[in-house]
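Chemist: Take a look at the letters that make up each chain.
Number of protein chains: 2
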Amino acid sequence: MAPGDAHPSVAVTVDLVVLTVRSEQLQALTVQRGEAPYAGRWALPGGFLQPDEDLPDAAARELHEETGLSSDRFHLEQLASYGAPDRDPRMRTVTVAYIALAADLPVPTAGTDAADARWQPVSELLEGDRELAFDHAAILADGVERARSKLEYTPLAAAFCPSEFTVSELRHVYEVVWGTVLDPRNFHRKVTRTEGFLEPTGDTTTREGGRPARLYRVGTVAQLHPPLLR
Amino acid sequence: MAPGDAHPSVAVTVDLVVLTVRSEQLQALTVQRGEAPYAGRWALPGGFLQPDEDLPDAAARELHEETGLSSDRFHLEQLASYGAPDRDPRMRTVTVAYIALAADLPVPTAGTDAADARWQPVSELLEGDRELAFDHAAILADGVERARSKLEYTPLAAAFCPSEFTVSELRHVYEVVWGTVLDPRNFHRKVTRTEGFLEPTGDTTTREGGRPARLYRVGTVAQLHPPLLR
DNA sequence: GAAATAGTGTCTGTAAGACATTATAAG
DNA sequence: CTTATAATGTCTTACAGACACTATTTC
Chain E
1 MAPGDAHPSV AVTVDLVVLT VRSEQLQALT VQRGEAPYAG RWALPGGFLQ
51 PDEDLPDAAA RELHEETGLS SDRFHLEQLA SYGAPDRDPR MRTVTVAYIA
101 LAADLPVPTA GTDAADARWQ PVSELLEGDR ELAFDHAAIL ADGVERARSK
151 LEYTPLAAAF CPSEFTVSEL RHVYEVVWGT VLDPRNFHRK VTRTEGFLEP
201 TGDTTTREGG RPARLYRVGT VAQLHPPLLR
Chain G
1 MAPGDAHPSV AVTVDLVVLT VRSEQLQALT VQRGEAPYAG RWALPGGFLQ
51 PDEDLPDAAA RELHEETGLS SDRFHLEQLA SYGAPDRDPR MRTVTVAYIA
101 LAADLPVPTA GTDAADARWQ PVSELLEGDR ELAFDHAAIL ADGVERARSK
151 LEYTPLAAAF CPSEFTVSEL RHVYEVVWGT VLDPRNFHRK VTRTEGFLEP
201 TGDTTTREGG RPARLYRVGT VAQLHPPLLR
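Chains as they are written, first to last, in full-length UniProt numbering: chain E, 1 to 230; chain G, 1 to 230.
Hints in this document: simulated from the structure, not taken from any laboratory. Careful: at least some of the hints might be erroneous.
Calculated pairs, DSSO-like style, for lysine-lysine (alpha carbon to alpha carbon, straight line, at most 27 Å) [claimed, not checked]:
(1) E:K150 to G:K150
(2) E:K150 to G:K190
(3) E:K190 to G:K190
(4) G:K190 to G:K150
Keep in mind the model is a prediction, meaning the values are calculated, not measured.
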């Protein structure tokens with residue numbers, strides 16, 4: 001960084017790829033734009049970085065504003081930054097995108113600056129039809145791919161589950177996010193024998209019918225050894 | 001993004017974690033700052049994003065300015081962004097960090113705005129002693145961790161090698177970056193049997209002494225299946 | 001009882017870790 | 001010859017995929 005150089009003003013925003021598993025589908029939170037450009041189009045939630053705010057704080061604030069929920073109910077991590085000169089026709093912007101993963105949530109309330117807020121299946125958002133505003137389709141695609149690959153190497157699938165969950169519910173997350181079918185028996189053996197992934201609570205539940213299923217909490221490890229490959 | 005909101009001006013910079021393997025060590029490119037703040041201290045190379053420049057272009061430009069080499073000799077990918085409000089005492093800045101991986105290069109020439117440029121072992125830069133300016137130690141640590149983990153799942157180790165290399169040279173990269181010792185025979189079997197990792201050129205070399213070693217180019221796959229775990 | 005889901009066991013092929021052996025060069 | 005490095009092969013163990021079977025609930 002050279003003090004002598006020009007440093008043209010750039011607007012910095014934070015955009016969110018908020019993902020959840022609802023109705024057997026991977027869904028993302030979208031907001032409908034009220035004003036030009038892209039008025040009426042769906043977009044990812046986000047907003048400007050405030051003067052004395054660090055990036056993770058801005059992401060958590062936006063998440064709270066859009067969902068009304070405290071950010072400790074989400075797994076929040078930085079995705080990537082996007083800064084093509086023409087990505088916003090109004091001005092030069094660089095956006096720092098975050099991904100937020102959550103268990104199935106109540107239907108979001110519209111934020112102050114959005115006409116409407118809605119969960120929509122990722123598959124529909126990434127097809128040509130319902131094209132997202134700005135470069136948000138590319139950001140969403142990157143966020144989904146990040147989530148998919150993180151399920152392989154980390155216990156992050158649990159972020160899509162309530163705090164206590166069954167092996168079956170966890171498998172369901174993998175199946176929906178990866179779009180695959182997994183063998184329930186091999187999956188059960190795999191996750192219960194991976195040290196630090198699951199901690200049994202001692203309780204059981206019959207919410208899925210059939211024999212009572214043991215409930216687990218997510219363990220403490222950050223990485224799965226060995227990974228659970230697609 | 002809400003047009004009505006304030007969007008305070010922020011300076012956006014691009015910083016580089018340029019890594020190579022030299023003298024049996026993982027080393028990073030550093031520049032010595034000529035002016036306050038942190039005058040005389042070592043820092044990561046970087047600079048301001050220009051008005052009509054996309055982020056990858058800015059990273060490639062800075063890389064060229066600092067090394068004098070065209071950016072196609074590097075593997076360049078975005079690392080993460082950093083924007084703590086006090087990370088630069090002069091003004092509010094957000095930096096988008098990139099990592100660049102390269103084969104052993106000539107000693108760099110000092111850029112226009114740096115008093116000196118030098119390769120330094122990552123291990124020394126991350127010890128308390130030779131503390132980097134700004135938050136660059138944290139950025140470097142993140143970049144090194146990214147490189148380490150990418151060696152597991154991608155053929156990226158080849159980015160530290162010349163365009164044609166031997167299995168032995170490739171193993172050497174893994175050993176230096178991971179700080180481990182690998183069994184040469186098992187490593188050879190592993191990488192030569194992983195489909196798409198290595199393409200034999202048909203040539204051999206005796207530059208490491210002993211029996212001639214076959215030369216390879218890196219293959220076309222983006223991911224290693226199965227991965228090469230640490 | 002039937003039906004549904006949970007959980008365990010068994011077999012088989014693949015691959016990793018440990019390590020012996022052979023191959024081809026230089027001095 | 002010795003020495004160095006390259007490359008292949010063998011043995012054992014661990015684990016993933018396929019799939020049979022048992023366990024515990026609801027209706």
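Chemist: Decide, hint by hint, whether the structure agrees.
Modeler: Cross-check of the supplied hints:
1. E:K150 to G:K150: holds, 13 Å
2. E:K150 to G:K190: Holds, at roughly 24 Å.
3. E:K190 to G:K190: holds, 24 Å
4. G:K190 to G:K150: The given pair, whose Cα atoms are some 17 Å apart, holds under the 27 Å limit.
Hint violations for this structure: none, all hints satisfied.
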